[in-house]
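K.L.:
Chain residues, written in single-letter form:
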Amino acid sequence: MNFKLKDIISIRDFDKNDVEYILNVAEDMEPIAQSKVACHKKDGKILGVMFYEPSTRTRLSFETSMKRLGGDIIGFNQKQGTSIQKGEVLYDTAQIVSQYSDAIVLRHDMEGAARFVADNVDVPVINAGDGAGQHPTQTLLDLYTIRHVKGEIKDIKVAIVGDLKYGRTVHSLVYALAMFNVEIIFISPEDLKMPDEIINDLRKVNCKFSIEKSLLDNINDVDVIYMTRIQKERFPDPTEYLKVKGQYAITKKDLVNSNAIVMHPLPRVDEICFDVDKTDNAMYFKQAFNGVPVRMALLDTIIK
Amino acid sequence: MNFKLKDIISIRDFDKNDVEYILNVAEDMEPIAQSKVACHKKDGKILGVMFYEPSTRTRLSFETSMKRLGGDIIGFNQKQGTSIQKGEVLYDTAQIVSQYSDAIVLRHDMEGAARFVADNVDVPVINAGDGAGQHPTQTLLDLYTIRHVKGEIKDIKVAIVGDLKYGRTVHSLVYALAMFNVEIIFISPEDLKMPDEIINDLRKVNCKFSIEKSLLDNINDVDVIYMTRIQKERFPDPTEYLKVKGQYAITKKDLVNSNAIVMHPLPRVDEICFDVDKTDNAMYFKQAFNGVPVRMALLDTIIK
Amino acid sequence: MNFKLKDIISIRDFDKNDVEYILNVAEDMEPIAQSKVACHKKDGKILGVMFYEPSTRTRLSFETSMKRLGGDIIGFNQKQGTSIQKGEVLYDTAQIVSQYSDAIVLRHDMEGAARFVADNVDVPVINAGDGAGQHPTQTLLDLYTIRHVKGEIKDIKVAIVGDLKYGRTVHSLVYALAMFNVEIIFISPEDLKMPDEIINDLRKVNCKFSIEKSLLDNINDVDVIYMTRIQKERFPDPTEYLKVKGQYAITKKDLVNSNAIVMHPLPRVDEICFDVDKTDNAMYFKQAFNGVPVRMALLDTIIK
Chain A
1 MNFKLKDIIS IRDFDKNDVE YILNVAEDME PIAQSKVACH KKDGKILGVM FYEPSTRTRL
61 SFETSMKRLG GDIIGFNQKQ GTSIQKGEVL YDTAQIVSQY SDAIVLRHDM EGAARFVADN
121 VDVPVINAGD GAGQHPTQTL LDLYTIRHVK GEIKDIKVAI VGDLKYGRTV HSLVYALAMF
181 NVEIIFISPE DLKMPDEIIN DLRKVNCKFS IEKSLLDNIN DVDVIYMTRI QKERFPDPTE
241 YLKVKGQYAI TKKDLVNSNA IVMHPLPRVD EICFDVDKTD NAMYFKQAFN GVPVRMALLD
301 TIIK
Chain B
1 MNFKLKDIIS IRDFDKNDVE YILNVAEDME PIAQSKVACH KKDGKILGVM FYEPSTRTRL
61 SFETSMKRLG GDIIGFNQKQ GTSIQKGEVL YDTAQIVSQY SDAIVLRHDM EGAARFVADN
121 VDVPVINAGD GAGQHPTQTL LDLYTIRHVK GEIKDIKVAI VGDLKYGRTV HSLVYALAMF
181 NVEIIFISPE DLKMPDEIIN DLRKVNCKFS IEKSLLDNIN DVDVIYMTRI QKERFPDPTE
241 YLKVKGQYAI TKKDLVNSNA IVMHPLPRVD EICFDVDKTD NAMYFKQAFN GVPVRMALLD
301 TIIK
Chain C
1 MNFKLKDIIS IRDFDKNDVE YILNVAEDME PIAQSKVACH KKDGKILGVM FYEPSTRTRL
61 SFETSMKRLG GDIIGFNQKQ GTSIQKGEVL YDTAQIVSQY SDAIVLRHDM EGAARFVADN
121 VDVPVINAGD GAGQHPTQTL LDLYTIRHVK GEIKDIKVAI VGDLKYGRTV HSLVYALAMF
181 NVEIIFISPE DLKMPDEIIN DLRKVNCKFS IEKSLLDNIN DVDVIYMTRI QKERFPDPTE
241 YLKVKGQYAI TKKDLVNSNA IVMHPLPRVD EICFDVDKTD NAMYFKQAFN GVPVRMALLD
301 TIIK
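Residue numbers (my numbering), protein chains in the order written: chain A, 1 to 304; chain B, 1 to 304; chain C, 1 to 304.
Next comes chain A alone, as it looks inside the complex:
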């Protein structure tokens, strides 16, 4: 066992060995995740789910992961109906939930919330998204998806498309990919391009990357197309949004000569046309499924 982390807060706490360790355990979890084998490893163990923000995917996949391992969950998925309404602070709520559970998974709207909780409770904490901050389990399942399809995360080209400025998912992903020998192509509207700070970090670690405007011009040349939502609210001028939107969307026709897998953290709005769903390129629902073996691997590793 060469995994050193107690808490899962940021993908930047992981080195390449940590990532590979978790992805390997995740592979072992496949038969359980696919419901081919029942598992009792975590019988009687409880995961405390503290979700201060709405979520279907992340929450349900953590719940399935814990339950497929034989464990169970307690918690809340909104502020309503909890002591938070009575004015209880995060610190106290976390103390309480930690008394009733063997690990905590936290989604919060404030950046740094997960680190704060991890520093103050005795049980392991998994960050399931903290505002503009980190969402490391999403990054791990993204990496798992690429490795699962491509065999290795190596010698491939990954296009990251859409809102590269505000999306926490792609920021984390980029730092993770930089640990592996891959080439990244950033494709976004000018107003939503990858922040300079991250670009500079990539340069420091000699990550190979390029910056492009057109998705279609690059679509046949990449192994992975990682799509993200472009949110209307990001544009001061709605006509600017309408102009840009179609260029960073993808249809079945666009993929006719492409072998790339199409990924998306979901939910999508209209950046991936429904006709893509039945193509061999479509990997976003499988990617969602991959949250299960990956989160099982994390839960199995950090819950004693």
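Hints were generated in silico from the structure; no laboratory data involved.
Even for Gly, the Cβ is constructed at its ideal location relative to N, Cα and C.
Worth double-checking, as some hints may not be accurate.
No more than 27 Å apart at the CA atoms, straight line, and that leaves these computed lysine-lysine pairs for DSS-like [claimed, not checked]: (1) B:Lys286 with C:Lys6; (2) B:Lys286 with A:Lys41; (3) C:Lys6 with B:Lys36; (4) A:Lys41 with C:Lys41; (5) C:Lys208 with C:Lys150; (6) B:Lys36 with C:Lys150; (7) A:Lys252 with A:Lys213; (8) A:Lys6 with C:Lys36; (9) A:Lys304 with A:Lys6.
Now the stretches of chain C that chain A is said to cover, found in silico as 3 or more residues with beta-carbon under 8 Å [to be verified]: (10) 31–43; (11) 62–76; (12) 255–268.
Put chains B and C on the given structure of chain A with help from the hints.
P.N.:
Then chains B and C, alone, in the frame of chain A:
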């Protein structure tokens, strides 16, 4: 095993053999449903509960059914706190939940929603009510209740009382009863009578039925009284509602010479007086319980 | 087995033997509550959770308790999304939930609700707080906490501080403490003092007690300091609240010469300063944990 359905969408997909198969399995489930015996048949299996509309009875009885079988559930019971708030369409949410579960049970406000989901996901789907559409598990537990008390669904008279126009429950029940050798008596206000289309369908299959106005005149002559709620909102004129309401309600005194069992899909408002609860006629709470063995039978049959 | 109660409605139904029986079973539950040992005693058993009012602590600790015992839960933690919205009365909802479960735990805003439900369903009922009424499991975990730290509930001084007028928690606690050989000191603002009725009841059973105004003057002289929230809403004049508030709050500095344990039913607002949390006096989070072994003891005892 002579049960052919993968999904449970409409009672009209069932033939008499299918119904009897499920009712027989349900009988076998009684000791587990009554908590006399622990069961591990569905250890590690997950039921995805997608409830877009409020429900106590149906949701909780599915949850108990799955848990008594050794399995567990994930899901949501309202739109709030899910990706639906972010604008995710039913198709995508269903894809996601299907990745995390071994079967889906869906309640939705749009007719046809269950069939749509069943056609688009790989796991079995159970319809727990889709708007004005179908609610087949309610019908199966109604039939189970009659069979459980009467021994056979045969040579009996069933009065169906109240709102026969809008109630999806009674529409499904009528089609199901028509498969068996029973006589149906429809008792309702003129404005809420059974739709002509269904009456015509009954004629086609030679189902014996009659249409009556008075509940009291028929109460001593039937084996089953199936009550339903009459909703004030159905009447353009509130005085019309008040006039009608009392005539389609039932008290202990009304039943003094009757051996009929009283059923109701619940929740009731005031169409069954509380003094009926302690009579031998009252079967509506037992009927609610019967949702457990029947839903266990369905879950056990369709989840591999 | 010398425990006689079927339902857990009020601490006043308990005699000293009943209390001690439950506290002893709770001690036996510690290894399971601490997640050192998996337990399958309640495999397949279902606890019906009916929470009509928001709660984190009580609800989650019941859920953890049931799940650590091998059982599971169904239910709701708010009125929204249930048949209550359709106008279903408590009686009917309780009938339904009792059909699906082996015991019910109820929190309701109306005093007497738990007794009413217990009188009308066949399964055991646990009161998790009914309005201004009782909250017996809180009292039991309070007693357990004192016994756990002090060895015996005997020959000790317990200060009860803050809002002694409206707090149902302290009312129940006082009646329970009166069964044991302890001395109680009531410390509160004049407007929030312990009701005369309870004071008279204490006199009848020869319970030793005194009434004080100052927390600081008594802090080094007691074994237990039981803090409660003082709610602004209780004061017609907000300046009166501000004047009083600080006097019934506690800081690390205040405790420097005290060996007393500090307890609180939580959530706290600002009556216990965060700097107390790391002192040896602080017992409120451990007290919250103690809800698990105590509730496990109750569930194990009343669910067959």
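K.L.:
Against this structure, judge whether each hint is valid.
P.N.:
Hint by hint, here is what the structure shows:
Between B:Lys286 and C:Lys6, the direct Cα distance comes to roughly 23 Å. Compliance with the 27 Å bound is thereby established for this hinted pair. For the hint linking B:Lys286 to A:Lys41, the alpha-carbon distance of about 38 Å lies beyond 27 Å, and the restraint is violated. With a C-alpha separation of about 19 Å, the suggested pairing of C:Lys6 with B:Lys36 holds against the 27 Å cut-off. For the suggested pair A:Lys41 and C:Lys41, the alpha carbons sit about 18 Å apart, so the restraint of at most 27 Å is met.
Using a Cα cut-off of 27 Å, the hinted pair C:Lys208 and C:Lys150 holds, with the two alpha carbons roughly 19 Å apart. Under the criterion of a C-alpha separation no larger than 27 Å, the hint pairing B:Lys36 with C:Lys150 is inconsistent with the structure, at around 41 Å. Between A:Lys252 and A:Lys213 the CA atoms are separated by roughly 20 Å; this keeps the pair inside 27 Å, and the hint holds. A hinted pair counts as satisfied when its Cα atoms are at most 27 Å apart, and A:Lys6 with C:Lys36 qualifies at roughly 19 Å.
A threshold of 27 Å between alpha carbons decides the hint, and for A:Lys304 with A:Lys6 the separation of about 11 Å falls inside it, so the pair holds. Only residues whose beta carbon comes within less than 8 Å of a beta carbon in chain A count, and the stretch 31–43 of chain C has 6; three or more means the coverage holds. Beta-carbon proximity to chain A at under 8 Å applies to 6 residues in the stretch 62–76 of chain C; the threshold of 3 is reached and the given coverage holds. Counting residues of the stretch 255–268 of chain C whose CB falls under 8 Å from any CB of chain A gives 3; the rule of at least 3 is met.
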